[in-house]
Amino acid sequence: MKFKISLAGLKARWKDYLVLFSGMLMTTAIFYMFEAVSTNNAFTTASRVGQNAKFVFIFGSVLLSLITIVYIFYANNFLMSMRKHDYGLFMMLGAKPSVISRLIMTETLIIGVGSTVIGIILGWGLTKGISGLLVSQLDITLTHFHALYVPAIRATFILFIILFLIAGSLNAITFFRTSALQLLKSQQQSDWKPAKKSILAIEALLGVALLAGGYYAMYDIEELKIMSIPIGLVTIVLGTYFVFNSFFIMLLTILQRSSIGKKGLNSFTIAQLKFRIKDYTKILSVVSLLFALALGAITVGIGFQQMAPKLAAGNSPYALALTNPTHKMRSMINNLDHATQTTYQQKVVGKTVYYRQQQLKAQPLKYAYFKSNDVAKAAVKSIGLNELRDPQSEEYLSAQRLQAPQFQSFQLKAVSDDNFNHIQAQPKQLLVVAVTDMNSQSKQLTKIFNLESQRTSSKYIEMLPGSFSIYQQVKGIFASVQFMGIFLGIAFLAMLASCLMFKILSGTTTDKRRFEMLNKIGTKKSALRHSIMIQVFGLFGLPAILGLIDVAFGLQMFEQSNMLYGSYQIFSWSAIAFVVLYLIYYGLTVLIYSRIVVPRTKVEK
Amino acid sequence: MTNEIVKTTNLHKIYDKNGAKPYEALKGISFTVKQGEFVGIMGASGSGKTTLLNIMATLDQPTSGTVQISGEDVTHLTSNQMADFRSRHLGFIFQDFNLLETLTTSENIALPLSLQNVKTSQIQPAVDKVAKQLGIDELLSKYPNQLSGGQKQRVAAARALVSNPSIIFGDEPTGALDSKNARELLDTMTSINKKGVSILLVTHDPFSASFCQRIMFIKDGKIGDELSAQGKSRNEFYQEILNKLGTFEQ
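For the record, the sequence lines run as chains H and Y.
For the first sequence, this note's numbering gives the first residue as 1, with consecutive numbering after it.
For the second sequence, this note's numbering gives the first residue as 1001, with consecutive numbering after it.
Hints are computed from structural coordinates only; laboratory data are not their basis.
Each hint should be verified, as a subset may be incorrect.
Claimed, not checked - The calculated lysine-lysine pairs, modelled on BS3-like cross-linking and capped at a C-alpha distance of 25 Å, are:
hint, chain 1, residue 1, chain 2, residue 2
1, H, K351, H, K447
2, H, K197, H, K282
3, Y, K1142, H, K278
4, H, K263, Y, K1119
5, Y, K1142, H, K263
6, Y, K1017, H, K525
7, H, K459, H, K347
8, Y, K1180, Y, K1034
9, Y, K1132, Y, K1194
10, Y, K1132, Y, K1180
11, Y, K1222, Y, K1007
12, H, K263, Y, K1180
13, Y, K1195, Y, K1007
14, H, K413, H, K361
15, Y, K1027, Y, K1219
16, Y, K1142, H, K512
17, Y, K1129, H, K263
18, H, K525, Y, K1119
19, Y, K1180, Y, K1027
20, Y, K1132, Y, K1119
21, H, K512, H, K263
22, H, K512, Y, K1017
23, Y, K1195, Y, K1232
24, Y, K1142, H, K196
25, H, K197, Y, K1142
26, H, K196, H, K351
27, H, K263, H, K328
28, Y, K1027, Y, K1222
29, H, K282, H, K351
Required output: the full structure, derived from the provided sequences and hints.
Right, dumping it as structure tokens:
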């Protein structure tokens, strides 16, 4: 019977529950997505970076669990605000508190188990879809990655069921302690008290100052070194909080007092926004910070990967250096675009590789190096004959690395044509190939590189000369970082946006009355919708804007310390992608919110 | 004709939700309210008085029949026109005040004017004037949760008055007030009325109704009876209402 009543309760308000349920599904699915990556040790530790990044996943898991907890409690509040009146009525009719408590527990668990199970299935689908898409788009291969991963299912299921049990018990306790009358009259009253002007001003100033300090700390990483990270972290977290708690409120107050604030519904809209921001300070701060973290992770991940050609360029001026290339290799090299090739004759005797002095003079070998420890600015210069005589010089060592792996420890010698001709050995050819754009030639180069690898014994593969092997290694390492960055960034963002969406939607019960009153005193529906759009935009937009600024300054850390170059271009693209995804949530929230609070022609009394 | 503020002609309202049995809430209601009148509509729950108020207030549309306010037929307006009409011609005082907690008293009162896009420079003087008239000029910078119930309702009355409406609709305005505050509000409404503002009060409280000049009793969707206060003291009129209710409700 009680089960029946609980089900009937669900049926009666299925539309509200649908909103709640779909939010829960998203949360579960996203959590599963994250766990599918983070619990898969074989996958995360497959790359060198992954091994070092283990703590990132532990940190990420904790963070996501915290957001999940917050989310479930918001959703649960939404659920309870819908049910208070009904339960009050049951109690009024004589249902014992213990019976009500059991009813609530049943209801919460039905929703919990249902959304968890379906959410995991959805998460599996999402993981499969997104990882497939990324693999094809980023042109990477993922080893040991499974969309359906039992430890992830286990982790997701356990966390969510525990959370729902806690939520259910808390609900039950709350109802146990509340009288029927309180429940029946539980129309949420907001106790809006304006903050003291002086405190507001001090906090606002402090917020801006802290943020500015944090941004400066990140910018000035060269001076502050490692200290800039803790300084930035503390000041930005606190600054964000105060900026939401006071600075934005102050700006809105000024706007409200201006003539704009007195036009149409503006005074209402601004006041609502002020009230909400104050009420949501914590969640808005968290959203803003995590928005920045997710976006930053993606940008840096992609940024590092795009550094591959630059890192490679500083390593060797030649993409490939092939000793005695096969016919097939030669024809493939001829097909490369914008490639220059030079051939040198060599003879190997004992532990010495001989070259023609004349040839080296006419077309010197080149040597690449990073300008003043700057990983992005490679310079190239020719290797003179004198330098080739000095085995300690960088130039000599670099020429040595161009030899076939088995000769790399051999001595190099440039001799006259006469001497060269008299050396009793089979002449060989060293073909060096330079390309102007490694990214665009990467497919063709890979094919040639693979042919070269095939004829090289496996112990020498890692030593194959030319910058393309470095390029491939860097790409390989950072492709998985990039994958994780994008994958988890999306997961984080989706979670945050749905969290925010719910927090906003859970306020609809109180807003419904306000909007009905506005309708009665003659506000057009279009004006009401417009007001909603602005209000929700404020709540979505402000943390996003602050998050974007955070990343913009955060990237300075990488730029100033010469770890990344041109990251702002990547940043702008990933920011656009983020904003689009975020806008979808925004639109959805506005739509659902309007449907709930904008009255139809007939106003219910 | 011109001194008729409200004129309803043969109003019918049938609720016909799909699946449910059709229910006729109003069964041919016709009456007029003259300029400057203070009229009450009384009736038990379910008698149709809220439906009638919603239709007159352009919050709902009748199934058939017409409502004219200040000579304009409001029954066939579009949703936007209705909203415009409400903001220009009607004032409301609700039972639960319906003030916005996030706005100050002054901002709450100013809201109908901002909605009509009245110039900013004209808004504050209008707010000050009506606040003074209702004795709440000291409260203008306070927020609703800093006010007592009676003060809140006077703010609501000021909000209803500020746009100089043709008529004020009161929907059980004393319902949430104690007897002292209720009395004060009714006195205020009477003095507003004496300045020429027409008021239509929907109530089931005989005490509130006794402040009206004329009372229409509505039962089962029809107007059954009418009482006029003319030539009677308020006490006598109150007694008369009580007697009428005693017989009317049976």
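To see whether the hints hold, each was checked on the structure:
1. K351(H) x K447(H): Violated - the C-alpha atoms of K447(H) and K351(H) are around 31 Å apart, more than 25 Å.
2. K197(H) x K282(H): Holds, because 21 Å separates the two Cα atoms, which is no more than 25 Å.
3. K1142(Y) x K278(H): Holds, at roughly 19 Å.
4. K263(H) x K1119(Y): holds, 8 Å
5. K1142(Y) x K263(H): Holds: K1142(Y) and K263(H) sit about 21 Å apart, inside 25 Å.
6. K1017(Y) x K525(H): holds, 24 Å
7. K459(H) x K347(H): holds, 23 Å
8. K1180(Y) x K1034(Y): It is violated: about 30 Å lies between the C-alpha atoms, which goes past 25 Å.
9. K1132(Y) x K1194(Y): Since the Cα atoms of K1132(Y) and K1194(Y) sit roughly 17 Å apart, the hinted pair holds (cutoff 25 Å).
10. K1132(Y) x K1180(Y): Answer holds: K1132(Y) to K1180(Y) is near 21 Å, not above 25 Å.
11. K1222(Y) x K1007(Y): It holds: about 15 Å lies between the C-alpha atoms, which stays within 25 Å.
12. K263(H) x K1180(Y): violated, 37 Å
13. K1195(Y) x K1007(Y): Holds. K1195(Y) to K1007(Y) sits at ~22 Å (cutoff 25 Å).
14. K413(H) x K361(H): holds, 13 Å
15. K1027(Y) x K1219(Y): Since the Cα atoms of K1027(Y) and K1219(Y) sit roughly 10 Å apart, the hinted pair holds (cutoff 25 Å).
16. K1142(Y) x K512(H): holds, 23 Å
17. K1129(Y) x K263(H): Distance of about 20 Å is within 25 Å: holds.
18. K525(H) x K1119(Y): With a Cα-Cα distance of about 22 Å, the restraint between K525(H) and K1119(Y) holds, given a limit of 25 Å.
19. K1180(Y) x K1027(Y): violated, 37 Å
20. K1132(Y) x K1119(Y): holds, 21 Å
21. K512(H) x K263(H): holds, 22 Å
22. K512(H) x K1017(Y): holds, 23 Å
23. K1195(Y) x K1232(Y): Holds: K1195(Y) and K1232(Y) sit about 21 Å apart, inside 25 Å.
24. K1142(Y) x K196(H): Cα-Cα ~13 Å, so holds.
25. K197(H) x K1142(Y): Between K197(H) and K1142(Y) the Cα gap is close to 15 Å, so the pair holds against 25 Å.
26. K196(H) x K351(H): Roughly 84 Å separates the two Cα atoms, so the pair is violated.
27. K263(H) x K328(H): violated, 77 Å
28. K1027(Y) x K1222(Y): holds, 6 Å
29. K282(H) x K351(H): Roughly 69 Å separates the two Cα atoms, so the pair is violated.
Figure legend: structure checked against the earlier numbered hints; hints not met, in rising order: 1, 8, 12, 19, 26, 27, 29.
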